[in-house]
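Enquirer: Protein chains in written order, with this note's numbering: chain V, 1 to 452; chain R, 453 to 729; chain G, 730 to 983.
Hints in this document: simulated from the structure, not taken from any laboratory.
Quantities reported herein were computed from a predicted structural model and do not represent experimental measurements.
A portion of the hints provided could be inaccurate.
Claimed, not checked - Mimicking DSS-like on lysine-lysine, the simulated pairs with C-alpha atoms at most 30 Å apart in a straight line are:
| hint | chain 1 | residue 1 | chain 2 | residue 2 |
| --- | --- | --- | --- | --- |
| 1 | R | K718 | G | K745 |
| 2 | G | K791 | R | K718 |
| 3 | R | K616 | R | K570 |
| 4 | V | K164 | V | K86 |
| 5 | V | K451 | R | K570 |
| 6 | G | K925 | R | K707 |
| 7 | V | K451 | R | K616 |
To be verified - Here are some of the chain G residues that sit facing chain R, going by a computed Cβ distance under 10 Å:
| hint | residue |
| --- | --- |
| 8 | H751 |
| 9 | F756 |
| 10 | Q822 |
| 11 | G966 |
Ideal Cβ placement from N, Cα and C applies to all residues, glycine included.
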Amino acid sequence: MTNSIKSSTDNTQMNDSIQQKSTVTITEKVTKSLKKRHRKEKRFKIVGLLAVLFGFMLVLTLITDITAKAIPAFHQHWVKIDVDYKSAWLNIDDTAAATQLTNQMQTANYRKVLRNSIYQMFSTGAEKKLTRQDKRQLTKLFSTNAEFTIKDKLIAKPNYINKKIELWVKLDDDVDSYLKEDFPLGEAGLRVSKKQAEWIAKLSTEQRIDSRFNLSFFTASDSREPELAGIKGALTGTLLTMFVTLLLSFPLGVAGAIYLEEFAPKNRWTDIIEININNLAAVPSIVFGLLGLAVIINIFELPRSAPLVGGIVLTLMTLPTIIIASRAAIKAVPPSLREAALGLGASKMQVTFSHVLPQAMPGIITGGIIGIAQALGETAPLLMIGMVAFIVDVPTSILDSATVLPVQIFLWADSPERAFLAKTSAAILVLLTLLLVINITATVLRSKFEKK
Amino acid sequence: MNNLNIKENDLSELALTETVGNIYADNAKMSIRNADVYYGEKQAIHNISLDLAQHQVTALIGPSGCGKSTFLRCLNRMNDTIDICRVTGQLMLDNDDIYAKDLDPVLLRARVGMVFQKPNPFPKSIYDNVAYGARIHGLTNNKTELDEIVETSLQKAGLFNEVKDRLKEPGTGLSGGQQQRLCIARTIAVSPEVILMDEPASALDPIATAIIEELIDELKEKYTIAIVTHSMQQAARVSQHTAYFHMGKLVEMGKTEDIFTRPEHKLTENYITGRFG
Amino acid sequence: MTTQDNTNTPSGFTTKLNLDKHISRRFNQELEQVRSLVMDMGALVEQQVNDGLSAVLNADEKLAEKVIKRDKKVNTMELEIDEYCTQILARRQPAASDLRLLVSVIKSITDLERMGDEAVKFGKNAIKLAKGNFAEQESSRPLVELKHLGKHVSDTLNKALTAYAQMDVAAALDIIKNDNIVDEEFDNISRLLVTKMMENPREIKNALRVTWCARALERIGDHTTNLCEYIVYLVEGKDVRHATMEQIRASIDN
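Same shape as in the complex, but just chain V:
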């Protein structure tokens, strides 16, 4: 015993001497390395901050650029013209009975009314007689839609017949762009001749030109004429497609994740399935488009360009994302909770649905939203199943032909008309807003589930 005590005291003495010998140097060393470490930390912080700032700047630039470009699309120039509803020009027998008159109004020649009214307006003053070329250039100032505006007005108010009425109609997109782009009034601009510019100046001085909010951007569908084109069709198409995607991918994904995580035996088969799901998440989206074309359209013969098909294809694409995210969320549920329920005699099903799933819900929702957001911006697979077609009608069901916002953006960006540039940006803004709305919904849902 005395031996052991002695040896232990020896040990402590030895330790003391080591410490004493090296105390000074250790403090110095630590101080030295501490400086170095602090420097390193500082450097890393700066780099990190720069990275964040850089990313933030990029996003900011993108948003400002898009917003700046999109602003012109949200207002439209209108012009006030004096429409002369002469029954002769309209080719209407104004003596006919009221019912007949209404019928005739549907088929009347409004183009002639429009043109002649315009010519009338500009054949005053110095140059009384308009040349053929002048006439053509004049008509080009106004939107092709103008004659429909005139028509609608007359049908609404049949007593305008043979009267001269002041009416606001849309200007042509070239003129609209010319006005929005700050060319000195009266000077020739892009796709606007000197003469046209002078006419515009004259209209402007007569207070006949007015800039209004472009409501039709949201109420109209696609058109070849930029001043008439709107996003309603594409937006509806997107919403329908997303509806189908959500309806299919979320339940399927969650069910798959629950089965794999909670019920499936852990063996080679489930391993293979897991690996394949992970791989599937990395498959280029166009491949899913091809699959959709080959299987869903060609074999199952579902209609082309339909939101249903688009939704199915996007479901295939988002499923792996949702399954992976949901599995992670389910895995993150503390096992103690499962044990607690199992220990009370809950069946596996009860444990899963009344304890695991509610706990995993925030994570599952996040995964689902990421998947949906990904699908929302997807173009490639939809091109393959024909959702790229020029569709003027607003789809009313998931079986109608439709296009979606990203495809619409793609189409507009491809169009030669200058005014489509602003429309493209405006559509992008709408798409981003939609994403924002989805994300906010997700956040609200998450916090709601987390509170529980």
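Please arrange chains R and G on chain V, whose structure you already have, making use of the hints.
Expert: Quick look at chains R and G alone, frame taken from chain V:
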């Protein structure tokens, strides 16, 4: 040397073949004979036989990884959730073989409740926590009966007076000790015959621990209790029987007062006195 | 046992109880400290008994006073060990053999302290006997008998302390078995002294003093037996006091 009662056993693993002391109880609620547990190829429990005496507390002690928790979990088939886990031997609850093919583990777990190391109340209200077991097993016919079960369970767990005004508040908002008592109340609500406790106080402060220990002492009047603990003092305080596990084997079992004053086996002695094994 | 009794190993006390095998080295040291304090106290008490006895036999007043004075040290040691044991109980919450060790130590020191008190009685009686010129009759039979009994008790105490140091249960049981020898010897002395007193009433005072000394020796013998019982309890975990004693005695008689 023969007059020395502490056996100079060969301490190698192979030598641990027979349990020292008394594994039998006069009124066994559960009796386990020759239980082996395997995780895949690895054997975690070697040939353990012991009785859990009715309305008494049996403490299972031993170093980490000695298999005491594994053994405890066999008693209500919680190990079923692990695919590779395999249990052999005869494990009886009264006259029922708990590993019989026709015995539903759900029913078994209603009869053999469990309280875990970390307080794990459901993220629900205090009321729903306690009512959960009764609800899933359909123990009550109406709300009044359920209310009664919740109240008596909370009272038995010594928690009712502390929480009676906030039964609708989440159970996770209680203190650690209260949460653990809530878990005990939740277990009692199913009226089990046996309660298994896996280190129920290891995450609690001494006061909360003392309250739980006092509760265990009261509960043993109605239930048969098996408790795994790392605290030897706790085992000494709450239990009537103590079983010492070592490397998956039951080294010694006996009355708690004997184990803590005059253990028969050298390994037990070394463990409870904090010596090198 | 044979393998453990190497020359290098510490005392049988430490090895047999594995006092040096705790994970906590500090605990080892504390228990070792207790052990050595008890051994010191045992040695001191043994010396007190021997000195007290020789003071009586030799009517050595000086030595007697020394014994009386030294008892304070015995008392201080008892308090010290008591405190030390209480500290260990509070801090370490010992179990099994460690617990038995501390319990037996706490009990042993009480007995040792009592033995110290008996030694003081020797001292006091020695002074009185010296003043009563009892020493002149040194060769008288009662004193021879007392010396004889004293030698036996002293030897037994020494054996008991050695057994304590070695944790030697066999030796301890042997001492327990021989407890009746002391009793018998005490009876002999008593009878002798009673006869003496009847023969010579003038000597009653001194004879009574010798009786008290013999009585003290008998008490020391009892305390020694207690020590041995604690050894058995400490090593075997069995309480061999009272009822079990009869069994042991019966088995030894057989």
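Enquirer: Decide, hint by hint, whether the structure agrees.
Expert: So, going through the hints one by one against the coordinates:
1. K718(R) - K745(G): holds (12 Å)
2. K791(G) - K718(R): Violated: K791(G) and K718(R) sit about 52 Å apart, past 30 Å.
3. K616(R) - K570(R): Judged against 30 Å, a Cα distance of about 23 Å means the pair holds.
4. K164(V) - K86(V): holds (8 Å)
5. K451(V) - K570(R): holds (22 Å)
6. K925(G) - K707(R): violated (58 Å)
7. K451(V) - K616(R): With a Cα-Cα distance of about 22 Å, the restraint between K451(V) and K616(R) holds, given a limit of 30 Å.
8. H751: holds (5 Å)
9. F756: holds (7 Å)
10. Q822: holds (6 Å)
11. G966: Since the shortest Cβ distance to chain R is 3 Å, the answer is holds.
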